[in-house]
Amino acid sequence: MDEEDPKEYRWETGYEKTWEAIKEDDDGFLEASIADIIQRAKRKRQNKKEYGTKLGMMRHLYVVLDCSESMSSQDLKPTRFMCTLKLLEGFMDEFFDQNPISQIGVIIMHNKRAEKILDLAGNARKHIKLLKSLNKTSLVGEPSLQNGLEMALRSLKLLPTHASREILIIMGSLTTCDPSDINTTIESLKTDGVRCSVIGLAAEVHICKVLADKTGGVYNIILDDSHFKDLLYQQIDPPPAALGLESSLIKMGFPHQMSVEGTEEPLTMCMCHVDSADEASKLTTGGYYCPQCYSKYCELPVECRACGLTLVSAPHLARSYHHLFPAASYQEVVYEKQSEICFGCQKQFNEVDKQIFECLNCGNYFCIDCDIFVHDTLHTCPGCATNPSTFQITQTG
Amino acid sequence: MNNLELPTEKTAEFSSVDESSLVVIIFDSNPGQKLLRENPHLLTHCLDSIISFSNSHLMQKSQNKLAVMACHSRKSDFIYPGPGKPLDIRQVDGQYETFTLVEKTIKQNLAKHLAGESAMLNTESLLAGAIAMALCYISRLQRTKSPAFTLNSRILVVTGSSDSASQYMNYMNVFFTAQKQNVVIDVCALDQHLSLLQQGCDITGGLYLRLPQLQGLLQYLLWVFLPEPPIRQKLVLPPPVKVDYRAACFCHREMIDIGYVCSVCLSIFCKFSPICTTCHTVFKIPALAVKSKKKKIKL
Numbered sequence: 001m002d003e004e005d006p007k008e009y010r011w012e013t014g015y016e017k018t019w020e021a022i023k024e025d026d027d028g029f030l031e032a033s034i035a036d037i038i039q040r041a042k043r044k045r046q047n048k049k050e051y052g053t054k055l056g057m058m059r060h061l062y063v064v065l066d067c068s069e070s071m072s073s074q075d076l077k078p079t080r081f082m083c084t085l086k087l088l089e090g091f092m093d094e095f096f097d098q099n100p101i102s103q104i105g106v107i108i109m110h111n112k113r114a115e116k117i118l119d120l121a122g123n124a125r126k127h128i129k130l131l132k133s134l135n136k137t138s139l140v141g142e143p144s145l146q147n148g149l150e151m152a153l154r155s156l157k158l159l160p161t162h163a164s165r166e167i168l169i170i171m172g173s174l175t176t177c178d179p180s181d182i183n184t185t186i187e188s189l190k191t192d193g194v195r196c197s198v199i200g201l202a203a204e205v206h207i208c209k210v211l212a213d214k215t216g217g218v219y220n221i222i223l224d225d226s227h228f229k230d231l232l233y234q235q236i237d238p239p240p241a242a243l244g245l246e247s248s249l250i251k252m253g254f255p256h257q258m259s260v261e262g263t264e265e266p267l268t269m270c271m272c273h274v275d276s277a278d279e280a281s282k283l284t285t286g287g288y289y290c291p292q293c294y295s296k297y298c299e300l301p302v303e304c305r306a307c308g309l310t311l312v313s314a315p316h317l318a319r320s321y322h323h324l325f326p327a328a329s330y331q332e333v334v335y336e337k338q339s340e341i342c343f344g345c346q347k348q349f350n351e352v353d354k355q356i357f358e359c360l361n362c363g364n365y366f367c368i369d370c371d372i373f374v375h376d377t378l379h380t381c382p383g384c385a386t387n388p389s390t391f392q393i394t395q396t397g
Numbered sequence: 398m399n400n401l402e403l404p405t406e407k408t409a410e411f412s413s414v415d416e417s418s419l420v421v422i423i424f425d426s427n428p429g430q431k432l433l434r435e436n437p438h439l440l441t442h443c444l445d446s447i448i449s450f451s452n453s454h455l456m457q458k459s460q461n462k463l464a465v466m467a468c469h470s471r472k473s474d475f476i477y478p479g480p481g482k483p484l485d486i487r488q489v490d491g492q493y494e495t496f497t498l499v500e501k502t503i504k505q506n507l508a509k510h511l512a513g514e515s516a517m518l519n520t521e522s523l524l525a526g527a528i529a530m531a532l533c534y535i536s537r538l539q540r541t542k543s544p545a546f547t548l549n550s551r552i553l554v555v556t557g558s559s560d561s562a563s564q565y566m567n568y569m570n571v572f573f574t575a576q577k578q579n580v581v582i583d584v585c586a587l588d589q590h591l592s593l594l595q596q597g598c599d600i601t602g603g604l605y606l607r608l609p610q611l612q613g614l615l616q617y618l619l620w621v622f623l624p625e626p627p628i629r630q631k632l633v634l635p636p637p638v639k640v641d642y643r644a645a646c647f648c649h650r651e652m653i654d655i656g657y658v659c660s661v662c663l664s665i666f667c668k669f670s671p672i673c674t675t676c677h678t679v680f681k682i683p684a685l686a687v688k689s690k691k692k693k694i695k696l
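Chain order of the listed sequences is H and A. Taking this note's numbering as reference, the numbering of the first sequence is continuous, increasing by one, and the terminal residue is 397. Taking this note's numbering as reference, the numbering of the second sequence is continuous, increasing by one, and the terminal residue is 696.
Rather than coming from a laboratory, the hints here were simulated on the basis of the structure. On a predicted model such as this, the values are computed, not experimentally measured, just so you know. Backbone N, C-alpha and C define an ideal beta-carbon position, used for all residues, glycine too. Incorrect hints may appear among the rest.
Stated by the list, open to error - Simulated pairs of lysine-lysine, BS3-like, Cα-Cα distance not exceeding 27 Å:
1. A:K631 / H:K86
2. A:K458 / A:K631
3. H:K157 / H:K77
4. H:K282 / H:K136
5. H:K190 / H:K54
6. A:K639 / H:K296
7. H:K337 / H:K129
8. H:K86 / H:K209
9. H:K282 / A:K668
10. H:K229 / A:K542
11. A:K668 / H:K54
12. A:K509 / H:K337
13. A:K482 / H:K354
14. H:K157 / H:K116
15. H:K296 / A:K631
16. H:K282 / A:K639
17. A:K509 / A:K482
18. H:K77 / H:K112
19. A:K482 / H:K337
20. H:K112 / H:K54
21. A:K509 / H:K132
22. H:K126 / H:K136
23. H:K229 / A:K639
24. A:K631 / H:K129
What the hints assert, rightly or not - Taking beta-carbon pairs under 10 Å as the criterion, some of the chain H residues facing chain A (in silico):
25. P160
26. G253
27. C272
28. L283
29. K337
30. Q338
31. E340
32. G363
33. F366
34. V374
As the list claims (entries may be wrong) - Per label pair, the in silico range of CB-to-CB distance:
35. A:H677 / H:Q331: 25 to 31 Å
36. H:K354 / A:A508: 34 to 40 Å
37. A:L511 / H:D97: 36 to 42 Å
38. A:V489 / H:Q348: 53 to 59 Å
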């Protein structure tokens with residue numbers, strides 16, 4: 001919220017001599033300078049992350065998808081809609097990987113109506129199956145932003161106060177057809193602490209900008225499909241907690257298999273498939289039993305259908321820890337033969353490596369690729385983790 | 398002479414063959430572990446088994462790659478391929494030069510590594526850190542290989558020390574990363590049962606084996622861990638053990654079935670307490686929490 005968007009138009013900014021950023025080296029080659037630009041671009045993303053803020057960990061996100069006529073436009077290949085679905089598939093997978101105890105719901109807007117096609121749920125497979133079936137949706141009429149927001153709000157309002165509420169709107173249309181004043185909807189979203197982010201596929205629309213600004217979200221317009229992917233994946237990291245977010249202790253169950261040494265488990269049906277038509281529940285052994293009511297589930301995490309207890313396993317919670325305890329950030333230093341090889345991947349440093357990275361906790365040196373790998377994927381500094389005095393320290397400050 | 402050193406320079410050679418496998422062996426040679434404190438000569442036995450295993454792996458396919466790491470309580474090192482240039486090896490007794498190279502390099506570097514160990518022994522080996530290094534190494538090989546070429550990587554941990562909860566977060570981070578990168582983690586426990594590493598095997602689809610007897614180490618390695626993961630389904634291997642994924646509460650370190658989780662820092666407690674001991678958040682009183690819970694069920 002505090003980053004007041006200095007989004008000027010391109011023609012309002014100063015005159016940039018972009019070609020001067022590229023400099024020839026002594027032999028007249030450009031590689032070194034281009035490598036430098038690539039390096040800087042790689043690192044830019046990580047540096048933006050801020051640490052030490054309270055995060056909304058239990059996220060409840062509604063993806064509001066525009067299914068109007070404008071989504072059939074072919075400026076993204078093959079069409080805007082197909083491209084969006086394809087990217088969303090990857091997004092869902094990654095989202096649940098990084099936020100295992102969060103939930104996503106899907107709402108589509110077409111023909112001036114909003115339709116909830118998936119309630120908040122925490123299972124990536126269900127979402128991806130749904131997205132695959134969505135490509136047959138007819139893209140008709142105009143979207144109604146207000147109807148979409150109202151529908152998401154109705155469901156998000158009922159959530160307990162510790163839940164982080166978010167809406168992500170993917171908007172292809174430049175117009176919205178609303179039944180009443182959308183500003184009142186925006187106000188109520190704001191009072192309920194719902195963070196609304198918008199990704200525009202066409203051009204900037206004033207009302208979307210107002211919506212994102214007022215509710216603390218971000219509003220971005222895509223440049224092309226890879227930029228679209230970047231913007232979408234930015235939503236994966238948990239946002240800072242909303243102001244009204246209360247904290248509480250949540251009762252959770254940690255199921256385990258019911259096995260007694262030496263005996264076979266009884267054949268039982270699981271609760272997750274009990275009423276689904278296409279994948280009927282089968283009698284199986286094994287599975288996870290709710291410790292409160294002993295209903296069986298074949299997958300975790302899930303909310304028990306019988307008693308409402310949230311069932312998770314310890315690694316699910318551990319998967320989210322890296323948002324809270326990130327690896328120590330590295331400092332860029334000029335390479336002056338401090339170390340022969342990168343501590344992580346054992347690569348030999350040579351003249352191409354102008355900058356190397358030093359971990360301030362353990363004092364080891366890393367190459368740029370390891371720096372990115374450690375902070376984007378691994379979340380553990382290999383140097384700190386192999387040193388008895390530092391292996392329990394994470395982010396400093 | 399040596400086509401298993403680094404793929405960066407040698408990718409052209411592989412263009413005709415499109416698949417190979419990399420094994421990173423993490424050998425816990427920490428002299429402080431119980432097993433080696435009681436019988437120091439076991440180190441030689443284990444090392445010989447590991448070298449034979451490495452050679453068998455390299456023998457299976459000429460493109461197969463190998464890395465061996467030694468893990469201690471203070472530092473972990475790659476002992477094969479070691480830093481610097483590979484040793485200059487001539488053929489001895491008609492043995493394939495690569496095998497001689499592997500054996501000599503491993504022994505030489507391990508000796509260097511052990512000599513650097515201080516007299517103060519620490520019983521805890523930092524295995525999570527060694528796995529993290531191995532993952533960095535694997536990710537570099539994956540980055541630099543030619544796109545037409547598939548490299549199946551796995552990590553084999555051979556250890557006699559125990560796993561401690563103090564490395565929990567590091568372990569979990571490396572397991573999830575390995576899962577994401579399709580790296581299989583196999584664990585061969587020489588002495589104690591390792592519950593955390595067993596979880597890692599389960600998460601990444603690897604095998605966990607606690608040796609019934611140490612004498613047969615090489616045989617177990619060759620039977621259980623040498624076949625690649627796709628082939629393993631066709632073999633009769635020790636049955637997978639059920640892994641206990643219950644959580645331990647932060648207050649008493651006891652395994653619990655139903656617990657309370659802090660919504661801010663995800664700490665787990667066995668009883669309701671008004672303040673989180675980890676992040677010092679003050680919670681709402683439980684009566685309200687129960688009420689909102691009910692509302693949610695009604696939905």
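Verification of the hints:
{"no.": "1", "hint": "A:K631 / H:K86", "in the structure": "35 Å, violated"}
{"no.": "2", "hint": "A:K458 / A:K631", "in the structure": "20 Å, holds"}
{"no.": "3", "hint": "H:K157 / H:K77", "in the structure": "37 Å, violated"}
{"no.": "4", "hint": "H:K282 / H:K136", "in the structure": "30 Å, violated"}
{"no.": "5", "hint": "H:K190 / H:K54", "in the structure": "19 Å, holds"}
{"no.": "6", "hint": "A:K639 / H:K296", "in the structure": "16 Å, holds"}
{"no.": "7", "hint": "H:K337 / H:K129", "in the structure": "52 Å, violated"}
{"no.": "8", "hint": "H:K86 / H:K209", "in the structure": "25 Å, holds"}
{"no.": "9", "hint": "H:K282 / A:K668", "in the structure": "36 Å, violated"}
{"no.": "10", "hint": "H:K229 / A:K542", "in the structure": "25 Å, holds"}
{"no.": "11", "hint": "A:K668 / H:K54", "in the structure": "23 Å, holds"}
{"no.": "12", "hint": "A:K509 / H:K337", "in the structure": "22 Å, holds"}
{"no.": "13", "hint": "A:K482 / H:K354", "in the structure": "23 Å, holds"}
{"no.": "14", "hint": "H:K157 / H:K116", "in the structure": "15 Å, holds"}
{"no.": "15", "hint": "H:K296 / A:K631", "in the structure": "30 Å, violated"}
{"no.": "16", "hint": "H:K282 / A:K639", "in the structure": "21 Å, holds"}
{"no.": "17", "hint": "A:K509 / A:K482", "in the structure": "16 Å, holds"}
{"no.": "18", "hint": "H:K77 / H:K112", "in the structure": "25 Å, holds"}
{"no.": "19", "hint": "A:K482 / H:K337", "in the structure": "18 Å, holds"}
{"no.": "20", "hint": "H:K112 / H:K54", "in the structure": "38 Å, violated"}
{"no.": "21", "hint": "A:K509 / H:K132", "in the structure": "57 Å, violated"}
{"no.": "22", "hint": "H:K126 / H:K136", "in the structure": "17 Å, holds"}
{"no.": "23", "hint": "H:K229 / A:K639", "in the structure": "39 Å, violated"}
{"no.": "24", "hint": "A:K631 / H:K129", "in the structure": "31 Å, violated"}
{"no.": "25", "hint": "P160", "in the structure": "4 Å, holds"}
{"no.": "26", "hint": "G253", "in the structure": "5 Å, holds"}
{"no.": "27", "hint": "C272", "in the structure": "17 Å, violated"}
{"no.": "28", "hint": "L283", "in the structure": "19 Å, violated"}
{"no.": "29", "hint": "K337", "in the structure": "14 Å, violated"}
{"no.": "30", "hint": "Q338", "in the structure": "15 Å, violated"}
{"no.": "31", "hint": "E340", "in the structure": "7 Å, holds"}
{"no.": "32", "hint": "G363", "in the structure": "12 Å, violated"}
{"no.": "33", "hint": "F366", "in the structure": "8 Å, holds"}
{"no.": "34", "hint": "V374", "in the structure": "7 Å, holds"}
{"no.": "35", "hint": "A:H677 / H:Q331: 25 to 31 Å", "in the structure": "30 Å, holds"}
{"no.": "36", "hint": "H:K354 / A:A508: 34 to 40 Å", "in the structure": "36 Å, holds"}
{"no.": "37", "hint": "A:L511 / H:D97: 36 to 42 Å", "in the structure": "40 Å, holds"}
{"no.": "38", "hint": "A:V489 / H:Q348: 53 to 59 Å", "in the structure": "29 Å, violated"}
The structure is inconsistent with the numbered hints 1, 3, 4, 7, 9, 15, 20, 21, 23, 24, 27, 28, 29, 30, 32 and 38, although it conforms to all the rest.
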